[in-house]
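There are 2 protein chains.
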Amino acid sequence: MADDSDTVITAAVLVIGDEILSGRTKDRNIGYIAEYLTGIGIDLKEARVVADDVEEIAAAVNALRTRYTYVFTTGGIGPTHDDITADGIAHAFGVPVVLHPDAVDMLKQYLGDNLNEARLRMARVAEGAELIENPVSKAPGWRIGNVHVMAGVPNIMQAMLDGIAPTLATGRRMLSETVEGRGVKEGDIGGPLGDIQARHPGVMIGSYPQFDGTRFTTSIVLRSRDAGPLERATADVRRLVDTLISEPDR
Amino acid sequence: MADDSDTVITAAVLVIGDEILSGRTKDRNIGYIAEYLTGIGIDLKEARVVADDVEEIAAAVNALRTRYTYVFTTGGIGPTHDDITADGIAHAFGVPVVLHPDAVDMLKQYLGDNLNEARLRMARVAEGAELIENPVSKAPGWRIGNVHVMAGVPNIMQAMLDGIAPTLATGRRMLSETVEGRGVKEGDIGGPLGDIQARHPGVMIGSYPQFDGTRFTTSIVLRSRDAGPLERATADVRRLVDTLISEPDR
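Protein chains in written order, with numbering that gives the first Met the number 0: chain A, 0 to 249; chain B, 0 to 249.
Just so you know, the hints here were simulated from the structure itself, not pulled from any lab data.
For clarity, every value in this text was computed on a predicted model and none was experimentally measured.
Treat the hints with caution; some may be incorrect.
No copy labels: a pair is met if it fits in one copy or bridges any two.
[To be verified] Capping the alpha-carbon separation at 35 Å, the derived lysine-lysine pairs in DSBU-like fashion look like this:
1. K184 <-> K107
2. K25 <-> K137
3. K137 <-> K184
4. K107 <-> K25
5. K137 <-> K107
6. K25 <-> K184
So here's chain A without its partners, still in its complex pose (with noise of 0.2 Å):
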């Protein structure tokens, strides 16, 4: 894992599934893989959820893996008919879908007898995959060029990241810090506020309210690569608050 480089390693996530497009299933994977590459120092820059359908699927991933760095897909791995994601991505990269030994030798030494027709479909790979270490079920996730495969189902796609990271290529991490305006409303922040952003252009300020039914507050959160810059931006924004909070009649 490179630190403290310059370059800013940018991803995307693809989440891949019906269920989720339906509202069956609620996603929690893409706030998931968000936190976690924001921690290893990766910017995730976008996320999409896409049908099981070839097409879609990879028309996506061509969309997504030619722009970052890297690609991270969730769900259509398992044993069923609908479980297509290696035929998307096969046909994304332009090869064709086949067993993976190594896959296909787990899967044997795991389930032994039960290893049907249907669960050898979780040893489907786009040609030229490495296969993502799966310690919870075993069935393995896999990468080709610069997109990983994972499983849809939250904790073992959490446990696929955890092997996956150690490989990956981070940048400086982003620093943050948050300033909570308890009984501060985005419109009265939002001038001044706007002040600081152009006084700092190095440092990025977001604006956050949140609504308890009768009335808002507002977080301000200012993220950086660099100490110093935010160090400075937030202190302003600290007293910005302290002016806000401490007017009468708020």
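Since the structure of chain A is already known, use the hints to place chain B on it.
Chain B alone, transformed into the frame defined by chain A:
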């Protein structure tokens, strides 16, 4: 709202916000909108998450609005400098950003002397837009062409969606049945389930494993716009699940 038509109405969701991609905020809007649209007979076909970046927003909006009947965006319509959804969508449509006079009036009436320059940002729309009511906190959403621009705060977004729904064309509702295969492993049901799918091409059959840390169970979800074929395929799946559950050594 047109009902019982044979037209399939499609949609995409575009979530706009750095906070989702950094993992700081976990998106809850995609899942809510997915379930909502399914319920009123609109097929959500794709979802994307992009950063607070005018070019990224514009590119995604143009990719999605040309492919699907409707696009629903969430986020980036508040009063701070990082709320640039209006800029991105105006750019996509090739029109300027303007202050919508009705939105200005509404904000004046609601906010009185608190209407400052920052809050006035909440009246910014792409030229030609129509307002979408915000019963929670007044600052409106808006629609231009087939693109509906909504708040990112979930309860405000949900209220806006309730207001939009009666204006949408809807297709024949997708019907769905779920067969819970408790104790059924996906790898055991995979083969015969694929055969059932092949016999019922008009029904979409999905298989969704859950894993509770020690073992998998499998939910089979069948979907079709036609009740007859759905009923017949569901009966086949129920028979299959019953057979698997009654087998010894499971």
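Consistency of the hints with the structure:
With identical chains, the CA atoms of K184 and K107 are at most 35 Å apart between copies only, with a shortest distance of 16 Å across copies and 60 Å within one. For a Cα distance limit of 35 Å, the shortest separation of K25 from K137 qualifies both inside one copy, at 24 Å, and across copies, at 29 Å. When the C-alpha separation of K137 and K184 is checked against a cutoff of 35 Å, the pair qualifies only between copies, where the shortest distance is 14 Å, while the shortest distance within a copy is 50 Å. In this assembly of identical chains, K107 and K25 lie within 35 Å of each other by CA distance solely inside one copy; the values are 33 Å within and 39 Å between copies.
Proximity of K137 to K107 under the C-alpha cut-off of 35 Å is restricted to the intra-copy arrangement: shortest distance 10 Å within a copy versus 61 Å between copies. Taking the shortest Cα distances, K25 and K184 sit within 35 Å of each other both inside one copy (31 Å) and across copies (22 Å).
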